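Work out the full structure: start from the sequences and follow the hints.
In the order they appear, the protein sequences are chains L and S. Quick note on numbering: the first sequence equals residues 15 to 452 in our numbering. Quick note on numbering: the second sequence equals residues 3 to 128 in our numbering.
The hints are simulated quantities; they were obtained by calculation from the structure and are not laboratory data. Be a bit skeptical, because a hint or two may be false.
Each computed BS3-like pair below joins lysine-lysine, with the alpha-carbon atoms no more than 27 Å apart [to be verified]:
| no. | chain 1 | residue 1 | chain 2 | residue 2 |
| --- | --- | --- | --- | --- |
| 1 | S | K115 | L | K122 |
| 2 | S | K6 | S | K100 |
| 3 | S | K100 | S | K10 |
| 4 | L | K291 | L | K221 |
| 5 | L | K101 | S | K117 |
| 6 | L | K188 | L | K338 |
| 7 | L | K390 | L | K433 |
| 8 | L | K101 | S | K115 |
| 9 | L | K205 | L | K335 |
Remember, it's a predicted structure, so these values are computed and weren't measured experimentally.
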Amino acid sequence: MFSEKKKFIAETQQFEEEEEEGFNLKSSNPLHSYGVQPLGNLYFNPGSVNSRNTGLGNLQILSDELVLEILGLVDGTHLGVLATVSKSFYVFTSHEPLWRNLVLDNLKGRFLFNRSWKVTYISTFYPSFDVSWNTHFSGLRVRNFYSDYLFQSWLCANLEMKPEWLERDNIIRKRGISVDDFVMNFEEPNKPVLLEGCMDNWDAMRKWDRDYLVNLCEKIPTLGSDYEVPVYFREDLFSVLGNERPDYRWIISGPAGSGSSFHIDPNSTSAWNAVIKGSKKWVLFPPDVVPPGVHPSPDGAEVACPVSIIEWFMNFYGSTKNWKKRPIECICKAGEVIFVPNGWWHLVINLEESIAITQNYVSRRNLLNVLDFLKKPNASELVSGTRDRINLYEKFKNAIERRFPGTIDELTLKAEEKKMSFWDSVTDSKIGAFKFSF
Amino acid sequence: MSRKITLKSSDGELFEVDEAVALQSETMIEADNILTLPNVTSEILAKVIEYCKMHVESPEADDRAAADELNRWDLDFINLPDTTLLDLIRAAHHLKIKGLVDLACSKVADRIKGKTAEQIREYFNI
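This is the structure in C-alpha cells:
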C-alpha cells in the first residue's frame, strides 16, 4: 500500500516536471485534489485502465460534459449518495461548478464562502457536520482516472498568469497633462492612455478595502465623496437625462484571477477605470480588430468569447505576438487610471485582490457615435443599462438639444468637414500627408 | 417544395425528413442532402425523428393547453429503457437537439434520485 502510494506520487511528480514549461500552478494546489490526470497520460501507461469508465458503468458512453449535465439536475443529498457509488462518481460529484450552482440556486447570496463551493454547501445545510481540514474532508485521491475535461477545468482554476503574458507594457503613460492635451491627443483620436497622479487626494485610496466595502448598502450615500471624477472626464452628457440615464458607474472588486473577458462597453460610451487597491492586467484591441478567439454576432448584439480569461491567455495570447495590429497592453496599479476609448475591445484580469471604480461617459467627442448606436434598428437588444431602451435615442437627443442647442449640428458639420478634407487630401496628389491621423 | 434531408444510421437504414423537422438539429440542417451517423442505430434514430416531428411547431406563448399536452407527450415518450435513454442522449447531443438532450437527461436524473448507492451500481451495471 505504502509503495503503491509512493509510485503514484512519483508518477505525478514526473508528469509535473515534464509539464514545467506549461503550467504555473498556484502553490496552494500543487496536485489535482483528487488525482485527476489528463487523457494523454493514459497513453503513457500501457495496460492501464481508465477508472473513469469502469466506475461509470453504462454511463461511460457519455462524454464528461453530458455526465455533468445529468449530475447538474440532482440536489446536494443525491450528489452525496452518488459520491459513494464508485471512485469515478466520487471525482465527478466533486466538480466544483455543480456545488457552486447548488449554493447559488438555493441560498441566493445568503451565504459565506467557506474554502470551496462543496464545503460551503455542506457547512450551510449540515452545520453539525465537521468540515475541518484534519478530517477526511481534504479529499481522497483516486488512481488511474483520466479525463481531459475535468483536468482542464481544474487546471484553469489553479493556473497563475505566466510572466511572459505580463511582460508587454506598451500603453502611453501621462502625468499631469491638461484636459485639452488629453482631448486632442487621446479622446479625439480615440486612443487609450494610462493617467498617473489623478487619484492622489482621493479618500478612497486609504479607506477602501474589502472590509470597508462589505456592508455596502449603508455606505452608498457616502461612497461618492471618497473619490472624484478625474478632471479629464468631467464632461458627462448622459447627465442630461437625470434619473433616466443608463447605469454608468461601478465599484469592481474581486480576487486574483477574476476579471472580464473580451467585450466592448455598452452604448458606444468611453470609460475610465481607476485602481484603488491591487493591480489589473489589460489587453486592448481597436474597434476594427476582433481579438483572436472572439466571435461577435453579425449584428453585434452578442459577443461570444467561449473561453475563460486564463484560457484565452493559454490559447490565443501567443498568436498576437506576430500580428501586425498588436494589442495595447499594460498593468494598471493602484493610483493609476486607464482611459478606454469607445468601441475598443478589452479584457481585464486582476493580478491580486483588487478594488477599482469605473465610469462610462459620453462627451462631445463620442456624442455622434452614441446617437448613431442608439438609433440602430436593433437598439432594444444592444442598448444596455436602462429600462426604456427604445425611446432612449429620442429622449437623449431632445435633452441634448434643450441643454446644448445646436451642438449636434455643429459636431455633425465638423465630422462632414473632416471627411471631406480627408478625401481631398487623398485625391489631391500634391498633398503628401493626411490632415489628421489616428 | 421544401428540402428533404436523408439520414443514414449505423446499420445502414435510410430515413428521410422534411426540412421543418430537421431544423431542430443544427447538425442536420447544416448537412448536405445526406447525413451519415456512424454512432446512431436505426432504433435510436427513429426515436430522435419521432421527437423532432412532434416538436416542429412550438405551442403559442399563451396556449397553456397545447403546452401541457406537449409536455405530457414528452413524458410519455421519454419513458424508455435505461440503455436506450443513454444512447438517445448521446445521439441528441451529437445532432445538437437541445430540447431532447434536456428531456432525456432529466429522465436519467429522475431515475437516479431516491436510489441508494448499491441500487445505482446495479442500475448502471458497475
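Comparing the hints with the structure gives:
1. K115(S) x K122(L): Holds, at about 24 Å.
2. K6(S) x K100(S): 22 Å, holds
3. K100(S) x K10(S): 21 Å, holds
4. K291(L) x K221(L): 10 Å, holds
5. K101(L) x K117(S): 18 Å, holds
6. K188(L) x K338(L): Satisfied, since the Cα-Cα distance of roughly 25 Å is no more than 27 Å.
7. K390(L) x K433(L): 22 Å, holds
8. K101(L) x K115(S): 19 Å, holds
9. K205(L) x K335(L): 20 Å, holds
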